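2 protein chains.
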Amino acid sequence: MMSSEKAHKAVDLSHHLSDLSKRRQVSPLKGLAKYMGNPNIIALAGGMPHPSYFPFADVSASALVSDSFSLEPKQESNSLSWVWKLFGAGKEKTNPITIPKYAADPANEINLAVALQYGTAQGIIPLQKFIKEFAGKVYQPAYSDFATLVHTGNTDGWSRAVLTLCNPGEMFITEEWTYPSAVFASKPYGVTPVAVAMDSEGMRSDDLHKLLAEWNEEERGAKRPHVMYTVPVGQNPSGATMGEQRKKEIYDICVKFDVIIVEDDPYYFLQQGVYKPKSERSAAAIKHDEAKFIANLAPSYLKFDYQGRVIRLDTFSKYVAPGSRLGFFTCSPQMAERLERQGETTTQAPCGFGQSLIAQLLTTWKYDGYVRWLHGLAIEYRSRRDFFIDTFFEEFHVRQSYSTRGVWAGCDVYDCYPKPQGMVEKTFERKWLSFVPPTSGMFIWLAMDFEAHPSFKEGEEESLEVQLWTNLAEAGLLVAPGWYFAADDEVNDKGKGHFRISFSNAEFSQMKKAIKIFSEIVKEFYKEH
Amino acid sequence: MMSSEKAHKAVDLSHHLSDLSKRRQVSPLKGLAKYMGNPNIIALAGGMPHPSYFPFADVSASALVSDSFSLEPKQESNSLSWVWKLFGAGKEKTNPITIPKYAADPANEINLAVALQYGTAQGIIPLQKFIKEFAGKVYQPAYSDFATLVHTGNTDGWSRAVLTLCNPGEMFITEEWTYPSAVFASKPYGVTPVAVAMDSEGMRSDDLHKLLAEWNEEERGAKRPHVMYTVPVGQNPSGATMGEQRKKEIYDICVKFDVIIVEDDPYYFLQQGVYKPKSERSAAAIKHDEAKFIANLAPSYLKFDYQGRVIRLDTFSKYVAPGSRLGFFTCSPQMAERLERQGETTTQAPCGFGQSLIAQLLTTWKYDGYVRWLHGLAIEYRSRRDFFIDTFFEEFHVRQSYSTRGVWAGCDVYDCYPKPQGMVEKTFERKWLSFVPPTSGMFIWLAMDFEAHPSFKEGEEESLEVQLWTNLAEAGLLVAPGWYFAADDEVNDKGKGHFRISFSNAEFSQMKKAIKIFSEIVKEFYKEH
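Taken in order, these protein sequences are the chains called S and P. Just so we're aligned, residue 1 is where the first sequence starts under UniProt numbering, counting upward by one. Just so we're aligned, residue 1 is where the second sequence starts under UniProt numbering, counting upward by one.
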């Protein structure tokens, strides 16, 4: 399947392994492994219950069909409300899937006797196969011997990567705004983030190069970072998505300075394209076929990873359900082996109920069906994003501006001013907030212009942010405060506050109501006291 | 529910927390928690997919009835073979259980919209409630404010406990033979086991006291251990079960020397009673009601834990299925809080498919039904143990001896000699192997008398063990070698080798065949060269 240009293999990067990882033994089962799976052997070595003691004779589900979601962007009225769902449930088109306790070919047919038994930390074979094929087709790693390995979600994945790669006292590179749990997971181990400036594509390559080239170990109190944590698509919280060119630049810098890239990419398939204001949009169905949908996605770092220095984290949280607690690494076999050992003494394999239901769903849908499902989801999120941003136009006076400098250089920025009151249009000097419509993911990242606040003083950005966040919460709207996402204390965004607002979950009517509350509270906040 | 004598609460034991655990922040969600769950609030803070994007409209299962297994000890012929199961599946008595996507009362009725969504590391509420009630009724902790908290199985539980309690360079106390993964999990962190001698009840209290009282920090290169890892019921690998008196002694020693007890108890409900040779057994059904079944179980350390220094690990691996990857801590609220934080940045909550199916099963069965199921399983394992030990009588000349010293002091020991050949009985000087029939768990722990081997030399026990293990594997029988379970290199059992043989999984016919292979290979091994 691999083309001849990929005949080369991942290089040896074992010098990146942490002391902890180096101390980890080979698989505890290794001694037995030679004899395992031999049908002529009577295995009385493990403490495995007989499958007749599993109290489930079968597990089944009504699985949605893979084309459940239209490729035609929907408008507000199409949205199915939760209440409707509650009383009208069962209207979706579903197919029954069943996982029997026993199968004639237990290794290759999904069955509870295997999925619910002790197994290796690699998970059940049909799931392994699907994932390996999927990663190969979609991400196209630039080397031939890439490996995939299940984990229990990207938080587990990153946590394992930290322990496998970092020693206490080390720093890792990340975007200046980042996923808080990534920091919460590493900090207690004495592994701390160092921030790289961002722009509309996420991490800046020039700033990254500067950071690494000018790294002063003494000044920083840590050796030059050799691990990067990055969310390159629908970045959390900024929503930024990184294109091919930037990724190549960053990859080359990582080669130059010998940095391992941990690519956390939970929103990868929620790439939605550029936002267009309502009047400019067409409601026509997307004509793309699924191959084109995949081909149009921003490439993974894996595609440029000719050395095998990328550890990619994928999760089913956003495409099946967060409660799946199932995801996978794609990386070199060397790293996969160490990550597997790390998993063996914690989670072992992911839950067998989840593994078997998801594997049965995916193998029933097949690769094409799953891609169709992902495509449908991307369109759903596009509709949500579009609707949500549209509501800003209703509550604010929105002006588009083209930014030529700062974090949003090269972007169409949406600046929100107060709506003109009554018949007389008042000219306002200052905008209240701005955002760049995201092209991927679940979030709008709002930059509040606190300099417009009557009692603003430099250095009080965070306290204003907290004050406004509390006002919003008290008024019935919960958003995520910007301070929560700061990778370190040095984030420098003078005069600004930030909020991350999600459009992934609420009903359309609630989103509308939310922006109404938001505009009212913001108005009150900015008004002269 | 708590009686007045338990009005006191767990004491403050925060000085046991590791540096890592102390560095862990309070729940990342804490700032938002105040507003969460308020139905009047529009929550746009989290990156949660809308539940209509979960591709399962419902999940269901054919759940075995709770009295599926007879309380009448079965004989060989009753055993359902795997092959029978495969072609005759569906003959079990089952009831359908279903988890709908939506529920009218989503917090208290099990539903996919909640179970498959992001949630706290505490898991879904109906499962929390069942577990808390179950732990209270069965283990009866000696203090009133005990907490329970889900984890993804006892390996995860122990791994989290190590990181929460131990700093690198510390040692923890354990039995001289112990669960290998417990050592594999801790060693890479620089946390190593120190062994306490065992007898027929498991860990010896006198040796424990001696170890702690005479601890020499300089000599040992580590401060006196403040954490114990112990498997008190159906101990892995020895099968020993500890009674009330010994547990009290050990608990008091742990109070005196300020040691936290991590009680890993996966085999707790597989307590089977004393083995009786076939001729002495009755096939009458057990007359006990379920309350008596519970009352007759060896008590948990929790029952004596008036200070809250026990962290008990329970798992559904042996009673539902290993693939459940679901278990729970029972401990003080202080420890539960730290263990929860540890979980938040790794596994988060256990898999929602598993959580909801198991919670639905348990709440359908109810407490009494689950206890009935556990009782049925205990009888099943008793039948398996009895049958397995019976087969030794067929292949060896078994003599009972009453041991007055050594590891099996006070026990009926079963000594296995070669069967007399032909008509003439030959008197053998030496026995080949011995074991004490376990009263709990899944394993027979065999002590091989290598001094009976013609080329035995002291110090070569392990190489003989490996040789015999390999001979067995090559002949088609896989058992677990003793060396694998040694807590440290100081295990002193002169002239002996060990094997752990499991009776939990194989068909009865296979067990019979296994002991036939075993006796043949052992015979060959011991014969004069």
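Among the clues, some could well be false.
Distance windows between CB atoms, simulated [claimed, not checked]:
#1 S:Q25 with P:D19: 49 to 55 Å
#2 P:Y306 with S:M36: 42 to 48 Å
#3 P:A33 with S:K527: 53 to 59 Å
Which bits of chain S does chain P cover? Going by a derived footprint, with three or more residues having C-beta under 8 Å, they are [what the hints assert, rightly or not]:
#4 40–51
#5 191–204
#6 209–219
#7 468–481
#8 512–519
Only pairs whose alpha carbons sit at most 16 Å apart, straight line, appear in this in silico EDC-like list of lysine to aspartate or glutamate [to be verified]:
#9 P:K187 with S:D19
#10 S:K93 with P:D207
#11 P:K256 with P:E219
#12 S:K91 with P:D58
If you are wondering where the hints come from, they were derived from the structure by calculation, not from laboratory data. None of the values given here were measured: they were computed from a predicted structure. Where is the CB? At the ideal position from N, CA and C, for every residue including glycine.
Starting from K93 of chain S, check that the Cα of D207 of chain P is at most 16 Å away, please.
66 Å, violated
Worksheet item: For the segment 512–519 of chain S, do three or more residues have a beta carbon lying closer than 8 Å to a beta carbon of chain P?
Response: holds (count 3)
Subject >> 16 Å Cα cutoff - pair K187 of chain P, D19 of chain S >> reply: 12 Å, holds
Notebook entry, point to check: Counting residues of the segment 40–51 of chain S that have a beta-carbon nearer than 8 Å to any beta-carbon of chain P, does the count reach 3?
Noted result: holds (count 12)
**Asked** Does D58 of chain P lie within 16 Å of K91 of chain S when you go C-alpha to C-alpha?
**Response** 12 Å, holds
| field | Proximity test - 8 Å, beta-carbon atoms, the segment 468–481 of chain S to chain P, at least three hits | value | With 7 residues in contact (Cβ-Cβ under 8 Å with chain P), the coverage given for the segment 468–481 of chain S holds.
Given pair status - E219 of chain P, K256 of chain P, alpha carbons within 16 Å = 22 Å, violated
Has the hinted range 53 to 59 Å been met by the Cβ atoms of A33 of chain P and K527 of chain S? 30 Å, violated
Q.
Can you tell me if the segment 191–204 of chain S counts as covered by chain P, using C-beta to C-beta distances under 8 Å and a minimum of three residues?
A. With 0 residues close enough to chain P, the hint is violated.
Is 49 to 55 Å respected by the C-beta to C-beta distance linking Q25 of chain S and D19 of chain P? 25 Å, violated
Q.
Assuming the hint says 42 to 48 Å, is it satisfied by the Cβ distance from Y306 of chain P to M36 of chain S or not?
A. Given range 42 to 48 Å: holds, Cβ gap about 46 Å.
Tell me if chain P covers the segment 209–219 of chain S under the three-residue, 8 Å CB rule, please?
-> Violated, because only 0 residues of the segment 209–219 of chain S bring their Cβ atoms closer than 8 Å to Cβ atoms of chain P.
Of the numbered hints listed earlier, those contradicted by the structure are 1, 3, 5, 6, 10 and 11.
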